[in-house]
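Below, each chain spelled out in residue letters.
Number of protein chains: 2
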Amino acid sequence: MRVLITGGAGFVGARLARALLARGMLAGRRIERIVLADQAAAAPWLLADARVEARVGTLLAQIERLAGEPLDAVFHLASAVSGECELDFDLGLRSNLDSTRALLDALRRRVQQHGAAPVRLVFASSIAVFGPDPAYPFPDLVGDDTLPTPQTSYGTHKLVCEQLVADYTRKGFVDGRAARLVTVTVRPGRPNGAASSFFSGIIREPLAGQRASLPVDPGVAHPVASVGRMVDGLIAVGEASRAAFVGRTAMTLPGLNVTVQQMLDALERVAGPAVRARVVRERDERIAAIVANWPRAVTTPRAAALGLRCDASFDDIIRSYIADCRDPVLGDPAALKGMA
Amino acid sequence: MRVLITGGAGFVGARLARALLARGMLAGRRIERIVLADQAAAAPWLLADARVEARVGTLLAQIERLAGEPLDAVFHLASAVSGECELDFDLGLRSNLDSTRALLDALRRRVQQHGAAPVRLVFASSIAVFGPDPAYPFPDLVGDDTLPTPQTSYGTHKLVCEQLVADYTRKGFVDGRAARLVTVTVRPGRPNGAASSFFSGIIREPLAGQRASLPVDPGVAHPVASVGRMVDGLIAVGEASRAAFVGRTAMTLPGLNVTVQQMLDALERVAGPAVRARVVRERDERIAAIVANWPRAVTTPRAAALGLRCDASFDDIIRSYIADCRDPVLGDPAALKGMA
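Quick mapping for you: the protein sequence lines, in order, are chains A and B. Heads up: the first sequence runs through residues 1 to 340, numbered per this note's numbering. Heads up: the second sequence runs through residues 1 to 340, numbered per this note's numbering.
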């Protein structure tokens, strides 16, 4: 089968591609080709696999070609991130709304005009669909039945696309499923200016021997997951039967509900007090106010019914990041130079 | 002030225009002009008012001109209806999604490019946003905090546009509010093929001396309202302060929660047993199955806080329809020729 990953050169997309290549199969069929569509170039270690083909350019510009080729499954991860959408409203509309609509219509044309079978489509949504509306404050545990009242353009676009995927699915134009990702940590690389950036930064920077700023109170709670668990979730959602997915409402992937204090305690256990001591409390009112609008914890019974579990502990999340950094192919040993 | 009503020649739009003309004011300002944008021509009795101007054509084709003119408030009612959207997917996307997006972007350009104040925008949504997802069955009373999982393209588009209106409002591009209409009854005219058509037909046809088919069990319950109450609701939502509206989540307008049996009993009380006897039970499995997917009752505390109430009884709803038919200007006496 042929699989398209939009955003396939990104942090989650590249790891999804690696996992699919390692499995070799999806939903009982052999994977012959994985097309990575992305604005950025894919990593050499991905392109080294003969099954991988990369297409560089905006998704909107690529859709017609992609839709005209044989295609069995799509993981639609490409997205402008939250902060970008707040700064540039048109970019958000174009990258998140118009691109998804164009993708859906291209996939629909395959069915309506060429009699193709509906493509299996996994849409990567986000718990950013949840935001506290003054009329409807959050429950303690945010579930898939919680009313989404997004408070960002990013969250709005994710919710809108979830609804479009569900309706195109109802009509038989695609076989779509939306999976809401929780905050992925530890992201490698540099701080990216997103309000959620510190959830990775307070682990990543100390491990690299650098000082990290903690902009919120240690009591702040939030659901997080390793990228591995999110990749497992995307694949499981893509492999699920329609009956097992239950309905067409978006499914939140499991997150580990932790406080920042618990994250710091785990860092001390895994990497020692000297590493932990590099995290400095420097309250940032702007970031604290944004984070106060996020879910403090999720409950994910539907994902559990698919066999999906959150990471067992934040210690495990840190350890899997460390293992990734030590990976001989995609690792970055310098990212751990702060460890004793 | 200048007011635009999209769908202004339609059943609700024309009555909204009449109500606004009679009030002469909206949100404390005098109404100088009401522009009715519609694919159909407006009724002569509306055009007789010097403040009224009609524009005939699709909304998409009109938006640029409308957006370039002075404009203070918009009631956005134009929509392809549920049955049309199920038959013609592209029509639904164009009429309900693309038109609303184009309208929002035109209103945004007024603010971003010309420094205009955000236009007050009332978006007519619908309780069609609610549908029973297998994972999330309806509560007994559907409220504004009930998870919308639309089961039609129409309901999907309404929910998507609610979200876009909320986000454009959050950004200050419009001052938008979405109001969900319940099923309006008694609609004048002919049956329109919509699954909900019988909610009007079982009253309208007997009053006109014709036989009416009842396709569902008399125990079926559904929230309904007279067009007058819905018009009152749209105006109240348009006049509310942001604080009084509370948040940006769509607000359901009050509906009278009735069973079909209660509707028929009211018909007998208001018009007599001979009129009631013209309703014949002829179960239609297709319609019964569709209606089984609709909310059986609504609860509307936010609308109540704006002073809005549902019709006092279904007797009142029938009486207001009869009064409308007898109206010397817009009435149709033949519609009552079945009454003794």
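Please keep in mind that the hints were generated in silico from the structure rather than gathered at the bench. It cannot be assumed that every hint is accurate.
If you want a taste of the chain A side facing chain B, the calculated C-beta under 8 Å gives, among others [said to hold, decoys possible]:
1) 113
2) 114
3) 134
4) 138
5) 247
What you are looking at is a predicted structure, and each value in this text was computed from that prediction instead of being measured. Glycine residues also receive a C-beta, built at the ideal position from the N, C-alpha and C atoms.
Hint by hint, here is what the structure shows:
| no. | hint | in the structure |
| --- | --- | --- |
| 1 | 113 | violated, 12 Å |
| 2 | 114 | violated, 16 Å |
| 3 | 134 | holds, 4 Å |
| 4 | 138 | violated, 12 Å |
| 5 | 247 | holds, 4 Å |
Hint compliance for this structure: hints 1, 2 and 4 are broken, all remaining hints hold.
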